[in-house]
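A.B. asks: Make the full structure from the sequences, and use the hints.
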Amino acid sequence: MTERTGRSAASRPTLVIRGGTVSDSTGDRRADVLVADGKVASVQERIESPRGAVVLEAEGCIVAPGLVDLHTHLREPGREETETIETGTRAAALGGYTAVVAMPNTDPPLDSAEAVRNVQELSRPATAEVAVAGAITVGRLGERLAPMAELAGLGVRLFTDDGAGVQSAGLMRRALEYARGLGVILAQHCEDGSLACDGAMHEGAWSSRLGIPGMPAAAEEVMVARDITLARATAGRIHFLHLSTAVSIEMVRRAKAEGLAVTAEVAPHHFSLTEAATAGFDPLFRVNPPLRPASDVEAVKLGLADGTVDAIATDHAPHAPESKDLPFDQAPPGMLGLQTALALAVGELDLPLPRVLALLSWQPAALVGLDPTGGGGQGGPIVAGAQANLCVIDPMATWTVDPSALASRSRNTPYAGRRLTGQVRHTVFRGEPVVIDAEAQR
Amino acid sequence: MSTFPTHLLSMEDLGPGEITEVLRVADSFVEVGRRANPKVPALRGRTVATLFFEDSTRTRMSFETAAKRMSADVLSFASGSSSLKKGESLRDTVETIEAIGIDSVIIRHSSSGVPTRVAEWVDHCVVINAGDGWHQHPTQALLDLYTVRQALGGGDEGLARMEGLRVAIVGDIRHSRVARSQIAAYTAMGAEVTLVAPSTLLPPSLEGWPVASVTHDLDAVLPKADVVSLLRVQSERGSGAFVPTLREYTAGYGLTARRAAVLQPDALILHPGPIVRGVEIASDVAELPAALITDQVSNGVAIRMAVLFLLLGQGPADGAHRD
Chain F
-4 MTERTGRSAA
6 SRPTLVIRGG
16 TVSDSTGDRR
26 ADVLVADGKV
36 ASVQERIESP
46 RGAVVLEAEG
56 CIVAPGLVDL
66 HTHLREPGRE
76 ETETIETGTR
86 AAALGGYTAV
96 VAMPNTDPPL
106 DSAEAVRNVQ
116 ELSRPATAEV
126 AVAGAITVGR
136 LGERLAPMAE
146 LAGLGVRLFT
156 DDGAGVQSAG
166 LMRRALEYAR
176 GLGVILAQHC
186 EDGSLACDGA
196 MHEGAWSSRL
206 GIPGMPAAAE
216 EVMVARDITL
226 ARATAGRIHF
236 LHLSTAVSIE
246 MVRRAKAEGL
256 AVTAEVAPHH
266 FSLTEAATAG
276 FDPLFRVNPP
286 LRPASDVEAV
296 KLGLADGTVD
306 AIATDHAPHA
316 PESKDLPFDQ
326 APPGMLGLQT
336 ALALAVGELD
346 LPLPRVLALL
356 SWQPAALVGL
366 DPTGGGGQGG
376 PIVAGAQANL
386 CVIDPMATWT
396 VDPSALASRS
406 RNTPYAGRRL
416 TGQVRHTVFR
426 GEPVVIDAEA
436 QR
Chain C
13 MSTFPTHLLS
23 MEDLGPGEIT
33 EVLRVADSFV
43 EVGRRANPKV
53 PALRGRTVAT
63 LFFEDSTRTR
73 MSFETAAKRM
83 SADVLSFASG
93 SSSLKKGESL
103 RDTVETIEAI
113 GIDSVIIRHS
123 SSGVPTRVAE
133 WVDHCVVINA
143 GDGWHQHPTQ
153 ALLDLYTVRQ
163 ALGGGDEGLA
173 RMEGLRVAIV
183 GDIRHSRVAR
193 SQIAAYTAMG
203 AEVTLVAPST
213 LLPPSLEGWP
223 VASVTHDLDA
233 VLPKADVVSL
243 LRVQSERGSG
253 AFVPTLREYT
263 AGYGLTARRA
273 AVLQPDALIL
283 HPGPIVRGVE
293 IASDVAELPA
303 ALITDQVSNG
313 VAIRMAVLFL
323 LLGQGPADGA
333 HRD
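Sequence order for the protein chains is F and C. Going by my numbering, the first sequence opens with residue -4, and the numbers climb by one from there. Going by my numbering, the second sequence opens with residue 13, and the numbers climb by one from there.
What the hints contain is simulated information worked out from the structure, not anything from laboratory work. What you are looking at is a predicted structure, and each value in this text was computed from that prediction instead of being measured. Positions of the beta carbon are idealized from the N, C-alpha and C atoms, including for glycine. Please note that the accuracy of each hint is not assured.
What the hints assert, rightly or not - Pulled a few chain F residues facing chain C out of the computed Cβ check, cut under 10 Å:
1) Y173
2) G176
3) E198
4) R204
5) I207
6) A228
7) A230
8) T269
9) A272
10) F276
11) D277
12) P278
13) E317
14) D320
15) L321
C.D. replies: See below:
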């Protein structure tokens, strides 16, 4: 029996996840979970192990739908020395993710049917579902629209020029109008190039002191404001990637109150680090949007708490070690995130675990239509018949971030040596236990 | 007694005690500079490398002269002819230099923070910042202090007169490593610093900066200033992106002869060089006795000798160079 994942039945034994608390969008209950043939077979308070079943211990743990990352850079094709689909989805699985949205800023960029099909094909053996995002514009150059309808026909649900924002308001308007008929979402990396210039960090007290060219908060905010206006004008659907300032969050809050079709994500580093981290000029702390002052960090946390922000997304951005040995303003921006996101959300946000899981799993799944309602098998309630995409979390376990122990091909985590609370113990992807006791199985 | 840091990366690393120590040690090297044979054996057997990733004839010559007068062996490493052109990383270059057995690297780089990073990578090599991006240029600020102290009578008297001294720093502060070092240096010695610039040439934030005031009105500041320190305005700043034209800049912020006339009789004029005559300073003003521009250059050698001595020499334990 071979399904479209290409994995044989041998890699998908019958599983019993025993002793945990099942937590999903319907609530929490003490239950064992039986998984067979890639699906949840039953959820009951006590399940006897069938002969030959693999038992995954979950005593003291939370059994949740697998996490869904809206924002992953897998780097394949083009930068395989920094990450591949294999290493990136291994990191994802270890981080509790069973699905990632793969950003299209690869080389070549994912702006054609051929490029999208290639990544879909390469992702077949991956240890997490790879939902390919397409570029809004050809070559991500912001000049003319990519063939969105054709790509939507291949299953692309989200389009973005991430790494850059679409600079032309006129073109963005057309993109929103065109996308409206396709049932897809446009996602914007909000950064006005004429304001950001060659800024390498947040423009403010620290950039002034360190003498590093800064990019002002306004570089993000003017594009958020512009796109909200365009969403209103076109009745379009827009998703804001990695928002990082108090003003951006407030604008989204108001847009939602107005009833516009806007959603937003934030990245873990924007609620766990401030611009002060750049004081030592270490490019590990260079990221776009840049790390912000503490007041913005607080606003991001508030946005997560009050529902303004729909999802936590990693912006997992691998870079080779030598590129992070460059001077701060010459090093590429970006940080690893897949293996630390859950623990940072558990530790840094003053939110109950089910709220954290909503932000990491079922809300992002629904946002891109990877959930059962959207025809997918991600983020859904853990019930009999559901596709078995699960993660088992020990919320009390502590661990120390060791860059060399991460599954990514790169090492650029800003959390080296940091003690985190909350660890992924097991991950089950389409019925296959891809992580057991925090160890990747392949 | 002060404890001198391992590396000289930023003026913010030096307190009043360390600054005073540098100035006092420099006194003895100014005296050495006047000798027929201006050389001392203090760094004999030591090897110093200048690692300049950005062109600077003046600062490099000053450091190399200082090192040679201390009897150090001096290697000159220019980025244009180096392996950096062959794609070697900065880190590898620095590790190579350290493996060769060099005692100190004097680094100039167009990116802020490079000396700070290099100091983390080396095991035993002493790192001296000769100017990094818009960040810091500590020896420039030290030689400015020395020049002002000298003009105020020198020695402890000159030092004491720095307390409450009104210093105006005029020009492109935003993009100036010199200004960032000067502000830390002057305020450490008790001076009151006023920044004078159009808003586009001020840092985006002055939060935490120890400056007494900030103004766009040079004419109001000049009659009360004890020291006017001008900064070079690069021609690209006058292309309309920061100020409309250099002509308009000069009209508002240039030290013209008319403006120099309202200065107090004993006011001092400093400029880190190279000066752009007719833009930030009128040619005639640069020639006034109050303008200490060439004193700054000659004091630069003594200051850099003092810094090398304190970082690499026998250190403060050697009484030979103490007052």
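A.B. asks: Each hint needs a verdict: does it hold in this structure or not?
C.D. replies: Hint check:
1. Because the beta carbon of Y173(F) sits about 35 Å from the nearest beta carbon in chain C, more than 10 Å, this interface hint is broken.
2. For the restraint placing G176(F) at the interface with chain C, the shortest Cβ-Cβ distance is roughly 42 Å, beyond the 10 Å limit, so the hint is violated.
3. The interface hint given for E198(F) is met, as the beta carbon of that residue sits about 5 Å from the closest beta carbon of chain C, less than 10 Å.
4. For R204(F), the shortest C-beta to C-beta distance to chain C is roughly 7 Å, which falls under 10 Å, so the interface hint holds.
5. Taking 10 Å as the C-beta cut-off, the interface hint given for I207(F) holds, the closest approach to chain C being about 5 Å.
6. Using the Cβ-Cβ criterion of 10 Å, the hint placing A228(F) at the interface with chain C is not satisfied: the shortest such distance is roughly 32 Å.
7. Given the 10 Å rule on beta carbons, the hint for A230(F) is violated: about 38 Å separates it from the nearest Cβ of chain C.
8. Given hint, T269(F) at the interface with chain C, is violated; its Cβ is 14 Å from that chain's nearest Cβ, farther than 10 Å.
9. Among the interface hints, the one on A272(F) is violated; its C-beta lies about 13 Å from the nearest C-beta in chain C, farther than the 10 Å criterion.
10. Proximity of F276(F) to chain C holds as hinted, the smallest CB-CB distance being about 3 Å (cut-off 10 Å).
11. Among the interface hints, the one on D277(F) holds; its C-beta lies about 7 Å from the nearest C-beta in chain C, closer than the 10 Å criterion.
12. With a least beta-carbon distance of about 9 Å to chain C, the hint placing P278(F) at the interface is held under the 10 Å criterion.
13. The interface hint given for E317(F) holds, since its Cβ lies 5 Å from the closest Cβ of chain C, which is under the 10 Å cut-off.
14. With 10 Å as the threshold, the beta carbon of D320(F) comes within range of chain C, its nearest partner Cβ sitting at about 4 Å, so the hint holds.
15. With its C-beta approaching chain C no nearer than about 7 Å, L321(F) sits inside the 10 Å limit, and its interface hint holds.
Going through the hint list in order, the structure does not satisfy hints 1, 2, 6, 7, 8 and 9.
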